[in-house]
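**Student:** Chain by chain, the residues run as shown.
Number of protein chains: 4
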Amino acid sequence: MQAKRRLVKGNEAIALGAIAGGCDAFFGYPITPQNEVPELLSAEMPRHGRVFLQAESEVASINMVYGAAAAGMRAMTSSSSPGISLMMEGVSYLAGAELPCLIVNVMRGGPGLGSISPSQADYFQAVKGGGHGDYRCIVLAPWSVQEMYTFPAMAFEMADRYRNPAIILADGVLGQMMEPAAIPDDPPVVDKPDKPWATNGRNGRAHKNVANSLVIDPYELRDHCLKLQGKYEKMQEECKWDTRLAEDADILVVAYGIAARVAFSACKIARQKGIKAGLFRPISLFPYPSKPLQETAEGKRRVLAFELSGGQMVEDVRLAMNGAIPVSFYGEMGGVIPSPAELADRIMEAAQ
Amino acid sequence: MQAKRRLVKGNEAIALGAIAGGCDAFFGYPITPQNEVPELLSAEMPRHGRVFLQAESEVASINMVYGAAAAGMRAMTSSSSPGISLMMEGVSYLAGAELPCLIVNVMRGGPGLGSISPSQADYFQAVKGGGHGDYRCIVLAPWSVQEMYTFPAMAFEMADRYRNPAIILADGVLGQMMEPAAIPDDPPVVDKPDKPWATNGRNGRAHKNVANSLVIDPYELRDHCLKLQGKYEKMQEECKWDTRLAEDADILVVAYGIAARVAFSACKIARQKGIKAGLFRPISLFPYPSKPLQETAEGKRRVLAFELSGGQMVEDVRLAMNGAIPVSFYGEMGGVIPSPAELADRIMEAAQ
Amino acid sequence: MQAKRRLVKGNEAIALGAIAGGCDAFFGYPITPQNEVPELLSAEMPRHGRVFLQAESEVASINMVYGAAAAGMRAMTSSSSPGISLMMEGVSYLAGAELPCLIVNVMRGGPGLGSISPSQADYFQAVKGGGHGDYRCIVLAPWSVQEMYTFPAMAFEMADRYRNPAIILADGVLGQMMEPAAIPDDPPVVDKPDKPWATNGRNGRAHKNVANSLVIDPYELRDHCLKLQGKYEKMQEECKWDTRLAEDADILVVAYGIAARVAFSACKIARQKGIKAGLFRPISLFPYPSKPLQETAEGKRRVLAFELSGGQMVEDVRLAMNGAIPVSFYGEMGGVIPSPAELADRIMEAAQ
Amino acid sequence: MQAKRRLVKGNEAIALGAIAGGCDAFFGYPITPQNEVPELLSAEMPRHGRVFLQAESEVASINMVYGAAAAGMRAMTSSSSPGISLMMEGVSYLAGAELPCLIVNVMRGGPGLGSISPSQADYFQAVKGGGHGDYRCIVLAPWSVQEMYTFPAMAFEMADRYRNPAIILADGVLGQMMEPAAIPDDPPVVDKPDKPWATNGRNGRAHKNVANSLVIDPYELRDHCLKLQGKYEKMQEECKWDTRLAEDADILVVAYGIAARVAFSACKIARQKGIKAGLFRPISLFPYPSKPLQETAEGKRRVLAFELSGGQMVEDVRLAMNGAIPVSFYGEMGGVIPSPAELADRIMEAAQ
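Residue numbers (the numbering used here), protein chains in the order written: chain A, 1 to 352; chain B, 1 to 352; chain C, 1 to 352; chain D, 1 to 352.
These are calculated hints, taken from the structure and not from any lab test.
Some hints here could point you the wrong way.
You can't tell identical chains apart in this list, so a pair holds if it fits in one copy or across any two.
Unchecked claim - Simulated crosslink set (SDA-like; lysine to any residue; CA at most 20 Å straight-line):
| hint | residue 1 | residue 2 |
| --- | --- | --- |
| 1 | K276 | S290 |
| 2 | K231 | N200 |
| 3 | K192 | R244 |
| 4 | K231 | G311 |
| 5 | K291 | L319 |
| 6 | K227 | I275 |
| 7 | K234 | G274 |
| 8 | K291 | D250 |
| 9 | K268 | E56 |
| 10 | K9 | G49 |
| 11 | K240 | E295 |
| 12 | K208 | A43 |
| 13 | K291 | S328 |
| 14 | K268 | F52 |
| 15 | K4 | P180 |
| 16 | K195 | K231 |
| 17 | K231 | Y29 |
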């Protein structure tokens with residue numbers, strides 16, 4: 001089936017992408033700037049015989065996701081920064097119980113109520129674990145409406161494969177902006193894996209499945225945690241990244257999501273002004289593509305981390321470089337997005 | 001007034017320390033292994049004319065803390081890992097609205113329900129920001145019952161001075177263990193700062209105070225975030241740390257809280273076996289004592305980060321070292337605590 | 001289509017009857033002794049492409065019923081006494097907003113948590129209005145498993161016709177007992193009325209529909225209340241009742257639901273002992289069949305109201321008699337059900 | 001101590017009366033037209049070393065009342081019609097567990113959200129039992145600001161004596177109107193009864209007290225219900241009522257609360273027009289003064305029940321008359337209050 005190019009909003013693309021990715025059930029609570037996700041799904045999910053439910057709160061949403069995921073459904077929620085914070089206990093429970101699911105965060109300015117403008121200030125929360133305990137989520141950062149459409153299927157597939165929550169970390173610009181994307185008229189038939197662990201009846205087994213994160217014996221819990229760490233280790237094979245103009249660059253800009261689009265334009269401006277700048281774009285934020293970044297950065301004069309935050313991803317850049325190459329940081333907060341020209345200036349400063 | 005030495009549990013010491021620190025109001029919801037904190041406060045707070053309230057949930061608790069803190073009270077909550085995760089939205093709101101308060105986390109094994117055994121796996125959450133947006137909490141890590149008693153006053157004082165939430169990051173061992181501590185019979189008279197920003201009536205002013213974290217204009221929010229970042233920068237002056245046997249050490253163990261006690265014993269064992277090991281103990285986890293650690297580590301052969309987690313604080317150790325000295329990691333998860341002898345073996349391995 | 005006779009539980013019959021009555025959506029929260037209702041519906045409703053949702057509480061359930069009813073659905077909830085009490089605000093809202101729905105109360109012993117044994121002690125609540133304000137619900141009282149099956153359709157039809165909540169007032173015996181009932185294999189095709197007032201989109205109208213019970217102007221609210229009272233007046237045409245052995249009786253027992261079954265047996269025993277006893281069974285409790293009762297009672301020596309309560313329906317019997325014929329009362333509380341012989345003794349006492 | 005006459009609002013009088021009546025703890029949630037009650041108590045209760053707590057909902061409020069009442073406190077809540085409906089489960093639990101408390105309902109127009117204008121349409125709910133099960137609340141209906149002040153103490157005293165919830169049934173006029181009332185500057189010292197049943201510690205007993213409404217065995221629950229019925233029977237001794245111009249009256253108006261004030265004026269107007277009208281004012285609505293009403297009505301030509309409702313108390317009037325004297329009804333709904341002249345016209349019609 002040929003995919004038509006359509007002009008859609010990023011949030012709509014996520015919703016359509018979720019359906020295309022075989023999402024069986026959506027649970028959520030409204031918050032700007034992601035409301036187009038539940039709005040579209042509230043109409044489309046029932047049309048496809050799937051479940052859409054507006055929960056009474058974000059705490060409820062994530063626990064409904066837990067229940068549906070435990071029952072073997074491809075379950076999903078979507079929110080924006082403050083709403084995601086309310087889900088932290090639930091996310092830790094999902095990770096602890098090894099339940100696959102998809103959580104979309106269309107980040108807005110914080111902390112607190114903050115603003116409804118775009119931001120990337122929830123990187124730590126998504127990547128380092130905003131909930132308690134040693135756990136990790138798969139974190140994917142789209143940079144275009146097209147990726148907003150294709151990433152849900154990828155996230156569901158990875159989540160199922162690793163039995164682990166996956167997060168799509170978008171932001172208010174990506175959610176609200178429109179651009180053409182190849183989106184087929186009808187969602188594809190999705191080949192979903194068997195889930196013999198699902199709590200959907202005995203199905204002839206002698207035992208019943210249980211979805212649980214309580215492991216009261218410390219040694220058993222240690223074994224469980226080691227199993228989880230083993231999964232996180234294995235996830236390193238899934239690292240996803242992109243480079244642009246990087247090969248001959250003297251200065252390497254590291255940026256993800258919408259910031260990477262600004263950065264790519266800025267690199268081109270810098271090159272016009274005689275500075276060989278290139279882009280390294282992490283696509284998977286966890287697992288973070290540290291080795292590819294090291295290899296790409298090798299021999300460069302400097303690395304510049306650029307984020308819409310006070311400085312979060314830069315820690316993973318520094319950890320990857322480990323002192324081998326100097327790392328600078330440029331960030332903007334509160335919903336302010338610098339122009340490519342402004343960033344190009346920062347690149348040229350950094351290049352000095 | 002002379003402080004008597006008394007044999008008390010760590011959780012009781014925190015409760016007594018909160019009263020000694022001038023805590024006006026406590027809000028919380030029960031969870032093991034911190035229940036002695038609310039239990040003691042439920043009896044003692046009313047006796048001192050202060051407020052104790054068991055809230056209907058942790059989400060309620062942290063929002064009640066928000067309200068009381070906004071009104072100028074020294075407000076506090078206490079919980080353990082899953083309960084703390086439920087507070088993440090509220091903590092971000094408190095930080096965004098610049099409200100001082102004290103949050104105690106007596107960490108247990110995670111992720112999810114996990115176990116009720118001790119753990120240090122909430123370091124990322126406390127230090128990097130488990131909630132959304134660019135914010136930081138002051139984080140203090142006691143290692144003895146005595147510090148469980150003295151840290152609440154210190155935390156309240158710092159919180160008030162910076163108008164910022166403070167966290168005491170303890171764990172199930174520290175909470176449950178008994179040891180003698182110097183605790184006066186009667187709480188001292190506390191000299192609390194004026195809070196002209198508090199929402200406790202106009203008090204003759206033309207305007208009314210508002211406690212708010214909503215800053216809808218991106219440029220205003222940027223300015224607000226820059227102000228917050230300025231505070232976090234200034235907090236670097238508050239770094240607290242301790243060293244033991246560090247001066248002549250070849251290998252430096254970095255550990256906090258209960259892990260540091262194990263590490264100190266392990267260093268002594270290692271020295272008996274001919275390995276000059278020393279301890280660097282971060283006491284403030286935010287601000288992290290990176291410079292003191294760099295200075296202490298200078299000239300050592302190796303740094304070994306030891307935590308009761310899968311590897312969290314080690315990132316701050318690596319960031320501090322920035323490749324200058326090799327960093328090893330040893331962690332245990334799930335509530336398992338290695339013996340000093342086991343850790344000494346790891347020190348000796350690392351020393352090879 | 002021929003209806004097969006099947007041996008089913010009363011609660012199952014209600015569930016099957018709800019489906020047969022065209023129930024589009026069920027919302028509820030578990031409570032004994034009605035759990036077979038949601039249990040069966042949780043499996044059957046999705047199979048028929050309808051909605052089953054276990055809400056987070058009874059307060060939530062009734063408000064979900066409000067939402068679904070407003071949208072034109074045949075919406076339903078089911079609970080037992082304490083759970084029904086939690087719905088009182090919602091029921092008043094439904095009545096105020098003129099929304100049709102079905103509420104099933106499988107009464108248990110009260111007050112408070114009481115017991116899980118059968119009872120008829122919620123008569124006042126159902127018939128006089130447990131919620132606030134001048135409103136009435138249609139109240140139907142089945143006395144057999146067969147009526148448990150047929151009444152939901154009747155209740156939905158009346159609810160729709162009057163745009164008013166309807167209650168089926170059953171009890172723990174009727175819910176738990178099994179007897180044969182004629183129940184077709186497949187639910188019939190239900191002819192549902194148009195609901196041009198439903199909030200299901202503009203559908204070409206200039207205005208949007210609103211489901212609301214707020215009428216802030218007192219004179220408008222008076223008009224609204226008068227309209228409601230007019231409906232309740234008109235409902236008098238719907239009175240339903242049954243009589244057995246009544247024509248030549250000297251003493252008339254008035255009883256509804258399971259109590260009427262005991263009463264019918266007791267009348268037969270009394271007749272064997274020479275006392276001409278007969279039964280008047282109100283089927284609609286609101287509208288209460290006062291006139292038919294007056295007419296039936298005319299010329300009798302005495303009326304005996306028998307209820308599984310401390311004396312509730314007896315007030316409507318006394319109001320109907322208005323002193324014309326002496327009224328006695330016999331009730332049992334707490335889940336105790338007298339045998340027909342015990343009741344026959346009371347009938348004979350009353351006949352003296 | 002001499003009581004000064006002060007000009008206060010009815011709601012303020014209730015709050016001051018609660019303090020005067022020894023109220024230890026207030027729990028509530030805001031709703032018009034009773035907000036002055038919690039507003040005043042929020043300031044005054046702490047000043048007297050008592051508890052004021054704004055709960056997160058009315059469901060929470062009544063359950064907090066349950067907890068405090070169980071612990072032997074004089075506990076209270078206040079709300080208006082929709083908020084009271086949310087408490088129906090809790091009220092039944094309080095009655096079932098035999099816990100004394102005070103519930104104030106400042107009635108507004110219903111059903112549903114209705115209006116914020118005065119009403120008497122919650123009579124059935126208060127008097128017949130809006131919650132489930134066979135229980136009764138003591139119900140007192142003030143008709144002046146003075147009674148708003150004196151009734152809380154009376155209600156607390158009766159509640160304690162009978163171990164039963166008490167309701168003050170006021171309305172929006174009484175709550176909002178100002179008139180002079182004798183209110184002492186300082187609340188009196190209240191002599192509270194011992195509560196050996198309270199769950200406030202063993203206090204040297206071998207057993208611990210339990211506050212419970214669960215009685216799972218039907219025969220035990222029957223005994224418990226019979227004990228409750230015995231109390232309700234005994235409460236008949238507490239009947240309170242007032243008469244004005246009743247002795248020589250031909251027509252007797254029965255009205256309570258604010259309606260009785262309108263009725264008293266109307267009686268005087270009717271008398272000026274040659275109709276001998278008199279007033280019977282029930283003050284306790286449960287126990288309803290049926291016998292005093294019968295005695296007062298004896299020999300009258302007609303009884304006219306007047307209420308701000310569609311017809312609720314009139315049922316108790318009819319039950320009291322039992323056909324002996326004709327009973328008419330006049331009611332207004334929705335917040336509309338007829339003038340004394342309008343009511344006088346109705347009296348004169350009824351007198352024909």
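**Student:** Could you run down the list of hints and mark each one as holding or not?
**Tutor:** The hints, checked one at a time:
1. K276 - S290: neither (22 Å within a copy, 33 Å between copies)
2. K231 - N200: Neither, since 25 Å and 47 Å both go past 20 Å.
3. K192 - R244: neither (34 Å within a copy, 56 Å between copies)
4. K231 - G311: between (28 Å within a copy, 15 Å between copies)
5. K291 - L319: both (11 Å within a copy, 17 Å between copies)
6. K227 - I275: Neither. Shortest intra-copy (47 Å) and inter-copy (33 Å) distances fail the 20 Å Cα cut-off.
7. K234 - G274: neither (41 Å within a copy, 38 Å between copies)
8. K291 - D250: Within one copy only: 19 Å inside a chain, 30 Å across chains, cut-off 20 Å.
9. K268 - E56: Neither way: K268 and E56 sit 47 Å apart in one copy and 54 Å across, limit 20 Å.
10. K9 - G49: neither (24 Å within a copy, 31 Å between copies)
11. K240 - E295: For K240 and E295, the Cα distance is within 20 Å only inside one copy (14 Å; across copies 37 Å).
12. K208 - A43: The answer is between: 19 Å across copies meets 20 Å, while 35 Å in one copy does not.
13. K291 - S328: Answer is both; intra-copy 19 Å and inter-copy 19 Å each pass.
14. K268 - F52: neither (44 Å within a copy, 56 Å between copies)
15. K4 - P180: For K4 and P180, only the intra-copy Cα distance (9 Å) is at most 20 Å; the inter-copy one is 59 Å.
16. K195 - K231: within (17 Å within a copy, 49 Å between copies)
17. K231 - Y29: Neither way: K231 and Y29 sit 31 Å apart in one copy and 33 Å across, limit 20 Å.
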